[in-house]
Amino acid sequence: MRTPMNRRTFLRGAGVAIALPMLEAMTGNAGERRQPIKRFVCLSNNYGVYQESFFPDPRQVGASYDLPETLAPLERHRRDFTIFSNLDHGNTGGHQGVPVLLSGVRPHMAFGFPEGNISVDQKIAEFEGSRTRFPSMTLQVNEANLISFTRTGVQVPSINLQQMYRALFIEDGQAARASARERMARHHSILDVVRDEANAMNRNLGAHDQRKMQEYFESVRSLERRIEQQQPWLDRPRPRTNHPEPRQGRGTAADLRAMMELIALAIQTDSTRAITLASGFQNNDFGLSGGYHGFSHHGQREREVAALRLIERNQIAQMAFLMELLKAQQDPISGGTLFDHTSILFGCGMATGEHSTRKLPLILAGGGFRHGEHKVYPEENSRRVPAANLLLSILRNHGVQANRFGTSSGTLTGLEGGRS
Amino acid sequence: MISISFRRLRLSVIQPIFQNAKPQAAWIAWLAFFAIASPNLLHADSPLDASRSFLKQHCFECHGPKKQANNLRFDTLGNDLAKKAEAEVWQGILDQLNAGTMPPKGKPRPDAKEAASVIQLLTTQLKEAYAKSSSTGGKTLLRRLNRLEFRNTLRDLLFLEGTADFQPDVMVKLEDRNGDGVARWSSNDPTREFPADELEGGLDTIGGRLVMSDFLLTKIISAAEYSLDLATYSGKAPSFEPKRFVAPISTGGNGGWAVWSREVDPSFDGIYQRYREPGAAAGGMGCITSNKLSTGVGITGRYRITIEASAHNQRHPWGDVIKSKQDEPMLLGLHIVDAPGGGLGENHRSILVKQWELAGDGNKHVLQFELTMDGKWLPWIGWENAPYERSLTPSKLVQKVLPNAYKPPPGKGSTEKERQQYEPAMARALFKAGYSGPHLRIYNLTVEPLEKSWPPKRHVALYGENDNVPVEDLILRFAERAFRKSVKPDEVARYVKLVDAQQKKGRSRAEALRAGYTAMIASPRFYYFSEAEGPLDGLALASRLSYFLWSSMPDDELLSLAKTDALKEPAVLRKQIDRMLDDPKSRSFVRRFTARWLHLDKLGTMPPPGGFYFHRNMEAEMLKQTDAFFADLIKTNGPIRNIIDSDYTFLNERVAHWIYHRDDVWGDGFRKVPAKAPHGGGMLTMPGIMTATANGVDTSPVVRGVWVLESILGTPPSPPPPDVEPLSPDLRKARTIREQLEAHRKQESCRSCHQKIDPFGFPFENFNELGLWRTVYKDSGKALKIDPSAIFADGTRAADISELRKILLKREDQITRNLAERLLAYASGRMVERVDRGEVDRIVSASMQQGNGLRDLIKLVAESRIFRTK
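As you go down the protein sequences, you meet chains A and B in turn. Heads up, the first sequence is in the working numbering, so the first residue is 1 and it goes up one at a time. Heads up, the second sequence is in the working numbering, so the first residue is 1 and it goes up one at a time.
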């Protein structure tokens, strides 16, 4: 087991200068914002969990439940997280469940929903707009990130350790900035022209086709808005840090840990307020021989089950590490620690490697909710609670005024905000 | 409005009607009232009534007042075929009767004659109803280009043919090349970061389904700018002199044999072995090319490659030491490979472009090939069916053929130097005596550019011969091709204005023009199909036709025929279809359509772990195999039934050796060979399909059964009920999948669907998740025998895959119908609806009458009303 985190060690190692926007917020506009700044981080894998070692005994509801083996690294944080049993999105589909985690809406059914299959991180990104340099950051470590979707059904491409570090801290040179400025201006002119063309073309279309053309108009509008949002950030300097650029490919545990450090830095510098991460497994790591997908089809065989437990426990251990990093940082704007204002969701849209999508593994930490319990929801089909309710609760907690999200039927009963 | 295949809609439409208890009760009460009060009001007189006594006798037991299996009830079914819901139920009844799946096994079969007359009645009634309602549905919605179409169009619009990663059948995707779960890019394809296209019915050409988003629009603009850069040149003209390389062409580091041969006779480069070991380790030996080409041939464009070569000793007496194919001519292969890729023999991006058969008689031949290739690529020569290096140990050869020169290998106490020099000494002895084993001799290699203008044509097309060419002219010329129609100057005024404005802001003429071109490419006039409702005019038809058969824009010949509407004449249309199918650009159609129709696009999503799949580049090889088979059917107008079973197949050495365990096919090129047991012919058991219908770890008869029903027969089963838990095999007890699926048979609610699905999947169990043949499952240390037999819903049995093929062949017209509908949907940009039934029927019966050739079917599709109407 690891030794407890030394707060000073982390602060010294990181040596981050606070990002300018946050300074401005501190001196000027902090009062205008009625709610504290909140962040959302989703940590996920693509294969679910080995349920027998992940979920507490279903009879142990409430605060005094025995912590199951996979969750052992969270022992120290018992009072700061909640584990949910019997929540899911009510669909089937094995691996197809994975992209559904953060909305409850399957991509091919998205057209039937007012906001499509937008994921909760992207909804938050829309809400935050250009307040941070990056409306959201979609990350991957040794895995493909399949869980972030825009409202038009676009799966947001993800970046790795190196790319994230560079995005956060590496300044574009003068030439790069000038060319970026010029590109934005050029694209703005191009968009004017094509909108004009689309108007001309639209006049000769039938009613059905005109409706389809709306997608094009909306795309142009949205792109123009994005350019406007990005422009001011061109000239603002990025935060500086002493934290070295992480090397990649150093193994499952090392890579994931390095990513946790970058996530903490991203939050500390207010570079973004919505993050999703998918992490996997480097073949033959941990002294095992084989790949994640193979292990996930465990068929209850000892060797595969043991491998899964190792992999999952590491993921939970790194989640605990992230929680420590955030607890060690004061939040200069909202008071308390960064952890108090950051919701961390661990989960997967496929419950187990055996392709079940029932009883999804879901853990929520931080964010100011009241934590510390094992919450068990009804198991019977007719009384099941949609997991999207948890997502809606997270959204509301974030400050987004929404009454529904994805397949939600309301906010999650039994989950309360604590201090805000 | 989104068109959905009606079959899938059937149950979801019916359930709401029948499921809601309260209104149903009221409704039935009213029904009863009217039934008593006025018997005729319930069913107004209709020819359909003639079938009701049949239905009562054979169907009402499970689909009547007492029981409504699958929520279907027939005694209260109306006969107004104008109502979509009712028509779908009648259509469902007809489908089940036709397939013989109803009544189910165990129930008394209806009299054959009676059933036939009911089938006939329903068929004609429904046909009429569909024809009547043809004005209501079946329109293609505004359709955008998909990713492949966009990339190909950029290639043709900007004259980028030959540029790597614009090849018709290569579609770059994120690739996990070493199985570690992380996918990395490996190309310069401008569309490599495009989001996946939205699918409907597995197809990515359905207008109503494809979506435009701000994300996609950004990518379109970037891709346009990137591609315009590729077509822009600066600086002085390079030399256009042909590059001639005379032996020794390959210098140094090419393996012992080449060096030893050169010592004795430097007038040729000898090739003695294969360029790659069967373990697919990178070679480099036996690859002839010049160092001077190491950065590529120069400028992307058209080249003529000339090789002077001779082949020797195809037949030789050294057969038991040198393993070569003595009864096959020696194959000289010309490959191209990207320069930075390195590793000639096993570079994944190396492409075999031409093979020549050479008689092993020692006569010199001059071989020539013209191709358009990327300037950063280079040609290399190899011997396709050469023996492998390991059968060419010089000492063994000397021992056999020159016993007098033979010396035994240095034994204990010898020095390192002695050991190292042993084989070379033996080899020199061989050559001194005159090597009479099989080999190729390459005397010279010439690379000659055929496009000698500077700047190249693609640059001039964008910027004119010089700066004095007016911007308006360039824009207009570009627009005619980009917008695929005739264009008037006022239609492009906005683009000219943009170019002028950019120049005023200080951009150069070239930069400003590029902005204008980018805007045109991002504009809806380029990115969407321009089709007015009703019968398509010549230009709209040309576009649809070229995107159907080439996944790209029409070429000049097609466009000029279209402008005069000549294209609409049947004879002209047929001739163009033939021309287009023979053009290499149709490789996009072959690759794309088979990937979508047969779900081969799933390859790589759940790859088998371990080195086999990646190191041997199996995925690419599998797709080349399915391409070769399908393309051959098109070329020869082969019968569609060959897809199910044929006495031939297509193999190259790698697939033959590793998957089929056959050693009678040599070389990288795919060719037609006789099919052999147990794999047999047809496409169904090809490794590409077997891998795509498995999950990389194990196989499932349910998945493959669904695949057969969906892709081959066109009768996809309903999805499983929402609260069914997926199969969680408990492999500790080592039960076979058949034993585990027994659960389906035991439960009433599962059985009705699974008895239709599982039997189509069991016979495939002899093929593992890579398509390798197996007779036992090996798991948990035990070997469990595989039982590939199947019992169908109507009682028919299939003992194994061969019998399943025979059963499928009996349904040739159903299979043809499904293929026709896929082709129609793919080509027309909309799903086929019941309103199209009449037209589909006509196409299918016309095809069956003509022998059911694939090429003919494609023509029937392109000439159909569905294809030629918006």
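Note that these hints are calculated values from the structure, not bench results. Be a bit skeptical, because a hint or two may be false.
[Said to hold, decoys possible] The following label-pair restraints were derived from C-beta to C-beta distances:
no.	chain 1	residue 1	chain 2	residue 2	range
1	A	M109	B	G235	52 to 58 Å
2	B	A501	A	I159	51 to 57 Å
3	B	E370	A	H108	42 to 48 Å
4	A	W233	B	G506	46 to 52 Å
5	A	G112	B	S789	53 to 59 Å
6	B	H365	A	H108	40 to 46 Å
7	B	E742	A	G112	51 to 57 Å
8	B	A85	A	T337	58 to 64 Å
9	B	D841	A	G112	43 to 49 Å
From the three backbone atoms N, C-alpha and C, an ideal C-beta is built for every residue, glycine too.
Results of checking the hints against the structure:
{"no.": "1", "hint": "M109(A) / G235(B): 52 to 58 Å", "in the structure": "holds, 54 Å"}
{"no.": "2", "hint": "A501(B) / I159(A): 51 to 57 Å", "in the structure": "violated, 35 Å"}
{"no.": "3", "hint": "E370(B) / H108(A): 42 to 48 Å", "in the structure": "holds, 46 Å"}
{"no.": "4", "hint": "W233(A) / G506(B): 46 to 52 Å", "in the structure": "violated, 24 Å"}
{"no.": "5", "hint": "G112(A) / S789(B): 53 to 59 Å", "in the structure": "violated, 42 Å"}
{"no.": "6", "hint": "H365(B) / H108(A): 40 to 46 Å", "in the structure": "violated, 56 Å"}
{"no.": "7", "hint": "E742(B) / G112(A): 51 to 57 Å", "in the structure": "violated, 37 Å"}
{"no.": "8", "hint": "A85(B) / T337(A): 58 to 64 Å", "in the structure": "holds, 60 Å"}
{"no.": "9", "hint": "D841(B) / G112(A): 43 to 49 Å", "in the structure": "violated, 33 Å"}
The structure fails to meet hints 2, 4, 5, 6, 7 and 9 from the earlier list, while all remaining hints are met.
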